[in-house]
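Engineer: Per full-length UniProt numbering, the very first residue in the sequence shown carries number 1; after that it's consecutive.
Do not rely on the hints blindly, as some may be mistaken.
Said to hold, decoys possible - SDA-like mimics (lysine to any residue), calculated; alpha carbons at most 25 Å apart, straight line:
(1) Lys206 - His324
(2) Lys271 - Thr226
(3) Lys206 - His327
(4) Lys271 - Ser311
(5) Lys271 - Asp304
(6) Lys215 - Ser128
(7) Lys318 - Asp282
(8) Lys271 - Thr322
(9) Lys215 - Glu104
(10) Lys46 - Thr329
(11) Lys46 - Gly224
(12) Lys206 - Ser126
(13) Lys318 - Asn280
(14) Lys285 - Gln241
(15) Lys318 - Asp283
It should be emphasised that the hints constitute simulated quantities derived from the structure, not laboratory data.
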Amino acid sequence: MKLIGVAEGSGVPILDRMPFVPKKEGVNILEDVDTPDECSDVLVVKDAMAIAAHNEDANVALIANFEDGLSYTAYTYAGELPTCAFGFNTYEVAFTLNSVAPLEEEIVAGAIGRNFVSRDLLEATSISDAIENHLNQKTKLMIRPVNASYFGHPSNHVQIGGSQDSNLGSHGDRVTEGSDIIESSHQLYLLVITTISNLIDIPSRKIINVEAASKNRISVYEIGSTPFFHANMYLHLQVPQVITVKGIDIQKRSSFSQKTVKAASLPKETKDDFLSVLGNTDDDKYPLYTTGPKLYTLCTAVFDLGTPSLSIIEGNPKEGRTAHVFHMTRNGS
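Construct all of the structure, not just a fragment, from the sequences and the given hints.
Structural biologist: Below is the structure:
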């Protein structure tokens with residue numbers, strides 16, 4: 001219904017609008033198309049500070065309200081569903097997103113695009129609800145009971161894979177009411193483009209990194225006092241992926257190990273330190289803060305769970321020009 005409303009309001013036929021929603025999925029099946037890396041995150045949760053800072057590389061905030069009292073604030077590209085970038089809702093759940101380019105064998109026909117999944121996250125009532133939505137990938141059918149202890153795992157990390165004999169049962173879903181789901185041998189094939197979410201529980205100051213892929217695969221990692229850097233590569237979900245030059249450069253620069261998913265060293269202690277990471281331009285070819293000619297950092301979002309607030313920074317985040325501040329509480333004050 002939202003896409004129909006966008007089409008009617010803009011005067012653009014719905015069939016002309018639809019291709020822009022799964023544009024990330026479509027561009028990955030085209031040959032010889034330059035798809036530059038987008039978005040970077042620095043995350044940390046300490047006693048004195050809990051921060052999620054996100055560079056949105058690729059417009060204004062869209063505020064929506066629903067009959068059940070839910071409202072959300074989301075960074076939205078014109079004509080697209082909110083949001084493939086970042087947002088939060090009145091259930092005090094927030095998130096930022098990164099995309100990961102899948103290999104050809106990871107692309108599955110009839111799947112549901114990342115933009116539909118991320119739109120559904122805006123209605124998540126909790127982090128566990130958001131994770132289950134990732135796990136079930138917006139299907140009407142239950143893949144399997146979700147019994148994993150996401151936060152109690154000894155290593156703060158759990159990986160869940162699909163099964164060829166997954167039990168199927170009734171399971172309502174917000175996004176896919178009336179939509180077609182591809183089923184083959186009781187295996188549900190889902191997302192075409194893979195996605196990474198940094199899910200934030202505002203009251204508890206909890207941040208988790210969720211890496212999801214097609215065929216019901218998901219990996220969850222809880223952020224702690226060691227700063228965690230994430231860009232457009234898988235770090236802890238073991239699936240084939242496109243290894244990008246920028247991704248490799250960033251991981252070397254930040255001394256990250258893909259095997260342990262922990263920062264070996266990141267000498268940053270304050271919020272300004274983390275913003276300086278996202279504002280880094282030392283590498284002329286692959287800077288973290290991009291200024292063209294093809295890719296631009298449009299803004300930097302800083303989720304401060306101590307306040308709690310979302311600050312939108314214009315320009316290089318090292319310079320700290322805050323354009324907007326949103327209070328992330330149920331009453332917005």
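Engineer: If a hint holds in the structure, say so; if it doesn't, say that too.
Structural biologist: Here is how each hint holds up against the structure:
For a cut-off of 25 Å, the pair hint linking Lys206 to His324 stands: about 23 Å separates their Cα positions. Taking the CA atoms of Lys271 and Thr226, the gap is near 14 Å; set against the 25 Å cutoff, the hint holds. As the CA atoms of Lys206 and His327 are separated by approximately 17 Å, the hinted pair is consistent with the 25 Å bound. Simply put, Lys271 and Ser311 have alpha-carbon atoms about 12 Å apart, close enough for the 25 Å limit, and the pair holds.
For the hint pairing Lys271 with Asp304, the CA-to-CA distance comes to about 9 Å; that is within 25 Å, so the pair holds. Simply put, Lys215 and Ser128 have alpha-carbon atoms about 20 Å apart, close enough for the 25 Å limit, and the pair holds. A hinted pair counts as satisfied when its Cα atoms are at most 25 Å apart, and Lys318 with Asp282 qualifies at roughly 13 Å. In summary, the hint linking Lys271 to Thr322 is supported, as the alpha carbons are separated by about 13 Å, within the 25 Å threshold.
The hinted pair formed by Lys215 and Glu104 meets the criterion: a straight-line CA distance of about 14 Å does not exceed 25 Å. The suggested pairing of Lys46 with Thr329 holds, with an alpha-carbon distance near 21 Å, which does not exceed 25 Å. The straight-line distance between the Cα atoms of Lys46 and Gly224 is roughly 7 Å, inside the 25 Å bound, and the hint therefore holds. Between the alpha carbons of Lys206 and Ser126 the distance comes to roughly 11 Å, so the proposed pair stays at or under 25 Å and holds.
Between Lys318 and Asn280 the alpha-carbon distance is near 8 Å, which keeps this suggested pair within the 25 Å criterion. Proposed proximity of Lys285 and Gln241 is supported: the alpha carbons are some 22 Å apart, at most 25 Å. For the suggested pair Lys318 and Asp283, the alpha carbons sit about 16 Å apart, so the restraint of at most 25 Å is met.
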